[in-house]
Amino acid sequence: MSELTIEFGGEELTLMPSGGCFWAAKGTLFVADLHLGKSQSFRARGLAVPTGSSAATLKKLYVDLNSTGAKTVVILGDLFHHRDSHCEALLAQVLEWRSRCSNPNCLLVEGNHDLWAGVPNEYGFTLIQQDHFEPWAVFHEPDFLDDRLALAGHIHPGVKIALDSRTAIKAKAFWRTSNRLVLPSYGQFTGSSTIEPKPDHGIYPIIEDRVIRISHALLAKEIPPFGRSRRFAASEL
Amino acid sequence: MASPDALDMFFESRGWVPFQFQRDCWDAIARGESGLLHSATGTGKTLAVWLGILGRFAGRPIAPGLKVLWITPLRALAHDTRAALEKGCEGLGLPWTVEIRTGDTGSSEKRRQRIAPPDVLVTTPESLAVMLSNADHKGVLSNLEAVVVDEWHELLSTKRGVLNELCMSRVRALCPSLMTWGISATLGNLDTARDVLLGVGRTGPIIRGKSDKETVIDSLLPESVDRFPWAGHLGLNLLPMVLDAIEETGTTLVFTNVRSSTELWHQAILAARPDWEGTVAIHHGSLEREIRDDVEIGLKTGQLRAVVCTSSLDLGVDFSPVDRIIQVGSPKGVARLLQRAGRSGHAPGQVSRVSCVPSHALELVDIASARFGADHEMIEGREPLERPLDVLCQHLVTLATGGGFLPDEILPEIRTAYAYRDLELSEWDWALAFITQGGTALGAYPQFKRVGVLSDGTHIIKDRMMATRHRLNIGTITSEASMSVRMQGGGNLGTVEEGFVARLRPGDTFLFSGKLLEFIRAKELVCYVKKATKNRGTVPRWAGGRMPLSNELAQAIRVLLDEAVDGVLDGPEMQIMAPLLDLQHRWSAVPRKDEFLVEQVQSSEGFHLFFYPIEGRLVHQGLAALWAYRLSKETPITFTMAANDYGLELFSDLPVELDGDRMARLLSSHQLYDDILSSLNATELGRRQFREIARIAGLVYQSYPGEKRTSKQLQTSSSLIHDVFVNFDPENLLLQQSRREVLERQLESNRLSKTLHRLRESTCKITQPPRPTPFAFPILVDRLRESVSSESASDRIERMAKSLELLADVTGTVAGKS
Numbered sequence: 001m002s003e004l005t006i007e008f009g010g011e012e013l014t015l016m017p018s019g020g021c022f023w024a025a026k027g028t029l030f031v032a033d034l035h036l037g038k039s040q041s042f043r044a045r046g047l048a049v050p051t052g053s054s055a056a057t058l059k060k061l062y063v064d065l066n067s068t069g070a071k072t073v074v075i076l077g078d079l080f081h082h083r084d085s086h087c088e089a090l091l092a093q094v095l096e097w098r099s100r101c102s103n104p105n106c107l108l109v110e111g112n113h114d115l116w117a118g119v120p121n122e123y124g125f126t127l128i129q130q131d132h133f134e135p136w137a138v139f140h141e142p143d144f145l146d147d148r149l150a151l152a153g154h155i156h157p158g159v160k161i162a163l164d165s166r167t168a169i170k171a172k173a174f175w176r177t178s179n180r181l182v183l184p185s186y187g188q189f190t191g192s193s194t195i196e197p198k199p200d201h202g203i204y205p206i207i208e209d210r211v212i213r214i215s216h217a218l219l220a221k222e223i224p225p226f227g228r229s230r231r232f233a234a235s236e237l
Numbered sequence: 001m002a003s004p005d006a007l008d009m010f011f012e013s014r015g016w017v018p019f020q021f022q023r024d025c026w027d028a029i030a031r032g033e034s035g036l037l038h039s040a041t042g043t044g045k046t047l048a049v050w051l052g053i054l055g056r057f058a059g060r061p062i063a064p065g066l067k068v069l070w071i072t073p074l075r076a077l078a079h080d081t082r083a084a085l086e087k088g089c090e091g092l093g094l095p096w097t098v099e100i101r102t103g104d105t106g107s108s109e110k111r112r113q114r115i116a117p118p119d120v121l122v123t124t125p126e127s128l129a130v131m132l133s134n135a136d137h138k139g140v141l142s143n144l145e146a147v148v149v150d151e152w153h154e155l156l157s158t159k160r161g162v163l164n165e166l167c168m169s170r171v172r173a174l175c176p177s178l179m180t181w182g183i184s185a186t187l188g189n190l191d192t193a194r195d196v197l198l199g200v201g202r203t204g205p206i207i208r209g210k211s212d213k214e215t216v217i218d219s220l221l222p223e224s225v226d227r228f229p230w231a232g233h234l235g236l237n238l239l240p241m242v243l244d245a246i247e248e249t250g251t252t253l254v255f256t257n258v259r260s261s262t263e264l265w266h267q268a269i270l271a272a273r274p275d276w277e278g279t280v281a282i283h284h285g286s287l288e289r290e291i292r293d294d295v296e297i298g299l300k301t302g303q304l305r306a307v308v309c310t311s312s313l314d315l316g317v318d319f320s321p322v323d324r325i326i327q328v329g330s331p332k333g334v335a336r337l338l339q340r341a342g343r344s345g346h347a348p349g350q351v352s353r354v355s356c357v358p359s360h361a362l363e364l365v366d367i368a369s370a371r372f373g374a375d376h377e378m379i380e381g382r383e384p385l386e387r388p389l390d391v392l393c394q395h396l397v398t399l400a401t402g403g404g405f406l407p408d409e410i411l412p413e414i415r416t417a418y419a420y421r422d423l424e425l426s427e428w429d430w431a432l433a434f435i436t437q438g439g440t441a442l443g444a445y446p447q448f449k450r451v452g453v454l455s456d457g458t459h460i461i462k463d464r465m466m467a468t469r470h471r472l473n474i475g476t477i478t479s480e481a482s483m484s485v486r487m488q489g490g491g492n493l494g495t496v497e498e499g500f501v502a503r504l505r506p507g508d509t510f511l512f513s514g515k516l517l518e519f520i521r522a523k524e525l526v527c528y529v530k531k532a533t534k535n536r537g538t539v540p541r542w543a544g545g546r547m548p549l550s551n552e553l554a555q556a557i558r559v560l561l562d563e564a565v566d567g568v569l570d571g572p573e574m575q576i577m578a579p580l581l582d583l584q585h586r587w588s589a590v591p592r593k594d595e596f597l598v599e600q601v602q603s604s605e606g607f608h609l610f611f612y613p614i615e616g617r618l619v620h621q622g623l624a625a626l627w628a629y630r631l632s633k634e635t636p637i638t639f640t641m642a643a644n645d646y647g648l649e650l651f652s653d654l655p656v657e658l659d660g661d662r663m664a665r666l667l668s669s670h671q672l673y674d675d676i677l678s679s680l681n682a683t684e685l686g687r688r689q690f691r692e693i694a695r696i697a698g699l700v701y702q703s704y705p706g707e708k709r710t711s712k713q714l715q716t717s718s719s720l721i722h723d724v725f726v727n728f729d730p731e732n733l734l735l736q737q738s739r740r741e742v743l744e745r746q747l748e749s750n751r752l753s754k755t756l757h758r759l760r761e762s763t764c765k766i767t768q769p770p771r772p773t774p775f776a777f778p779i780l781v782d783r784l785r786e787s788v789s790s791e792s793a794s795d796r797i798e799r800m801a802k803s804l805e806l807l808a809d810v811t812g813t814v815a816g817k818s
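Protein sequences appear in the order of chains A and B.
Each step along the first sequence adds one to the number in the numbering used here, with nothing skipped, and position 107 is 107.
Each step along the second sequence adds one to the number in the numbering used here, with nothing skipped, and position 646 is 646.
Hints are computed from structural coordinates only; laboratory data are not their basis.
Don't take each hint at face value.
Calculated cross-link-like contacts (lysine-lysine; reagent style PhoX-like; alpha-carbon spacing at most 25 Å) [what the hints assert, rightly or not]:
id	chain 1	residue 1	chain 2	residue 2
1	B	Lys523	A	Lys198
2	B	Lys110	B	Lys87
3	A	Lys160	A	Lys170
4	B	Lys300	B	Lys531
5	B	Lys523	A	Lys160
6	B	Lys515	B	Lys531
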């Protein structure tokens with residue numbers, strides 16, 4: 001496991017290979033887009049997706065809270081996937097997770113999925129506003145037009161890196177623009193969408209169990225059709 | 001009973017004389033037999049089967065209802081087929097209605113067809129499956145007397161073919177005395193083709209169509225091989241000769257191997273001959289239906305001078321006016337070339353002529369070998385698929401939607417489908433559990449709702465939403481997410497892949513549908529364009545890409561090279577190759593058919609190993625990964641690899657000793673499949689293959705352009721589903737199927753294993769040429785390379801990042817100094 005610590009708005013933040021972002025100064029862990037109960041809403045509509053992803057997401061969150069010693073966890077939106085996601089089993093899993101983590105302070109920035117799904121009180125999450133923390137705001141959708149500094153989720157950022165001309169790997173990534181730090185999706189049953197960062201952006205993909213810093217130049221570009229590399233000049237023949 | 005007299009009169013009235021095979025066909029049908037009719041295109045196969053069936057009805061009182069299903073693999077062919085069938089009805093004076101039911105048929109039309117079915121229905125395997133998903137299918141199909149499957153060879157080795165087998169198992173259960181006829185191009189495994197078509201426990205004659213149709217295979221040749229590139233993809237250097245060929249013949253079809261070269265050739269021809277504007281058209285599978293229709297009409301009426309096309313014109317009805325075929329690039333297979341050749345001189349009795357245009361020197365050998373293969377009837381077979389569970393699951397849900405089924409009653413019926421003749425009970429139980437409970441009996445998925453089980457055991461879907469969604473997802477064709485290309489002022493041109501559009505910036509230009517277009521913007525699933533004012537653009541690439549040499553063609557190539565060593569140069573292509581083969585011989589060797597040539601070359605860059613199994617690109621890719629893996633297990637080393645149809649290259653910084661022992665270890669079959677799976681990025685390949693399986697088995701829903709986005713929370717990528725399965729249900733049989741399909745279909749593991757066997761029996765000939773040989777060069781310049789390495793991905797990326805930084809430092813310094 002290897003993490004990466006960056007500076008954002010004058011504060012040190014640790015980007016974790018799990019997709020979490022730890023603010024050591026305040027003992028606070030930020031995560032985004034858990035989409036708990038997603039597979040369940042698929043099954044209810046006839047798509048045979050196995051169980052286990054919500055439990056695995058909660059287990060990962062338990063491990064992160066344990067290893068960092070964070071007392072507060074902030075979900076940057078999309079805690080739940082859909083209203084069909086709510087059921088006894090999921091509630092029991094979440095409550096069991098809370099008690100195993102010795103009841104951390106659970107805060108939620110409401111995301112678009114949470115709006116549809118609803119966040120019943122018994123789960124024990126407190127909704128917070130965008131200006132809950134200093135020195136940056138907390139958003140679900142990044143809303144790039146807002147010029148405050150902010151942490152955000154929602155877009156599930158990912159990048160493609162070319163290892164050679166035939167192999168590219170796709171990875172979830174933290175993405176830092178001039179005023180946003182966008183977290184990758186934390187849920188086990190969530191994917192990523194490829195972002196198009198500008199050269200001055202920070203790109204921190206999660207490769208295997210490491211968060212690494214890469215430059216814009218490493219992102220995979222499509223091979224131009226019919227562009228051919230010639231390693232030998234004709235005169236060599 | 002049939003009146004053969006009526007059939008004879010039909011022919012006589014047109015001044016035709018029936019061929020013997022047509023009479024054979026009529027007789028067999030008159031006896032109520034099923035069977036398979038095969039021959040080259042354009043020999044009157046349709047007429048033979050159709051008139052035979054009509055003959056059975058002539059003079060009989062005609063009951064209302066659907067009597068004949070005519071299944072065609074391409075819905076684009078449906079209209080021509082209907083016209084041909086109607087002509088037959090008229091000729092025999094039968095007042096039958098012939099209608100079409102495909103994905104394009106409107107819903108009110110479909111409803112009408114269910115209430116008042118026509119006498120004959122022209123349809124596709126998918127539409128037949130949709131019919132079975134309606135509860136009233138028993139009533140509609142119960143009077144069927146015959147099913148004809150047209151272009152059966154196109155379906156045979158595909159999941160669509162399996163879907164067709166399953167549908168036919170249902171139809172035969174409803175109509176036990178049904179006749180089944182298949183119409184096919186000639187195949188190397190006709191017995192199997194017949195058995196798969198007719199189903200388990202049934203048999204019938206294989207009738208060979210008229211075979212004396214003369215086919216001429218020749219080439220457009222440069223004056224000398226010196227003027228010919230050793231490698232390349234386009235072959236535009238022969239453009240002047242292609243122009244001459246088009247000029248001197250009536251109507252020409254110019255076939256290319258991929259859609260993107262269609263666009264390039266079309267543009268090149270018009271750039272050279274602007275006066276041909278309007279008479280040289282383009283046709284490929286991504287173009288809008290209306291555009292293709294216009295081209296097809298233009299062909300039939302003889303208004304077009306030439307059409308540049310891909311396999312989209314391989315199939316289909318009569319294009320009588322076509323006089324000559326031009327094949328650009330390697331033919332890749334004997335049957336494929338003959339099929340294309342058959343597009344010219346389509347009417348019975350005419351000569352088919354195909355002229356091949358090599359795009360680089362070695363393709364001359366391909367062409368000569370294709371002719372050799374055709375002369376020696378080395379025709380490729382198509383192997384049917386064995387019990388794909390995804391298609392079975394889809395079929396079971398179809399039956400559950402179409403009124404429900406009892407498992408014990410339906411299992412024997414399923415086993416009459418050839419693909420499932422050996423279906424094991426455990427697989428059957430798994431499939432039932434999958435559609436009712438999600439997981440296996442022990443690991444049922446909570447809250448899963450799909451197929452319900454009634455108290456009497458009937459498996460049924462009652463939820464209308466779920467039934468509708470299943471009907472929309474019937475089928476086995478998966479395509480890349482594609483976007484329509486639309487002119488700003490309206491008018492669709494066709495589709496391109498989403499990934500291509502994603503790379504376009506407003507103002508970028510690209511070549512499509514024979515036009516140079518400027519990208520304006522993309523909105524939802526539409527890519528808006530206008531005519532470009534610039535005169536250069538890129539060309540979209542479509543997935544599907546390059547196909548490998550067929551087994552038979554590869555074999556023919558090995559024979560022709562062997563003859564060349566003895567100084568026998570078969571045909572003008574081989575003769576013009578002589579200087580190049582001579583160079584190959586002087587620098588290294590031309591392999592005999594029982595020899596395995598290996599070249600070791602050292603260049604300023606490092607050490608190259610070239611191996612020439614001559615077995616086709618797919619097998620070579622597999623071998624490259626396998627050998628790189630086996631070598632790197634012995635000593636720590638990193639290789640980059642490249643492959644083409646003739647051979648493969650392993651390149652490294654370090655020299656590799658190749659002695660007899662080491663060669664034997666490379667060629668060994670010991671732990672072959674384990675080594676293949678470890679050597680390739682098997683997980684990634686599996687993930688890609690799983691896309692198709694997930695879609696067919698109903699694990700993901702395909703969204704449609706214009707579909708309401710209410711199902712958005714259900715949309716996910718199949719690769720994500722794949723990972724969820726790997727993590728939470730690793731024993732799932734669909735995952736196992738995807739691994740098997742990766743081995744069998746993507747890597748041709750059977751052929752790979754046979755190749756290793758052949759190479760073990762061959763004499764290994766290792767040479768050290770002074771420089772890359774004519775055989776090596778095309779592999780060397782291939783831009784598609786991949787690597788085998790023991791480093792982890794994150795290490796590799798960090799190293800790449802460092803080298804980039806170094807590069808930046810160096811260039812920074814240089815810039816600073818200057």
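query: For which of the previously enumerated hints does the structure constitute a violation, in increasing order of number?
result: The structure conflicts with hint 4 only, although it agrees with all the remaining ones.
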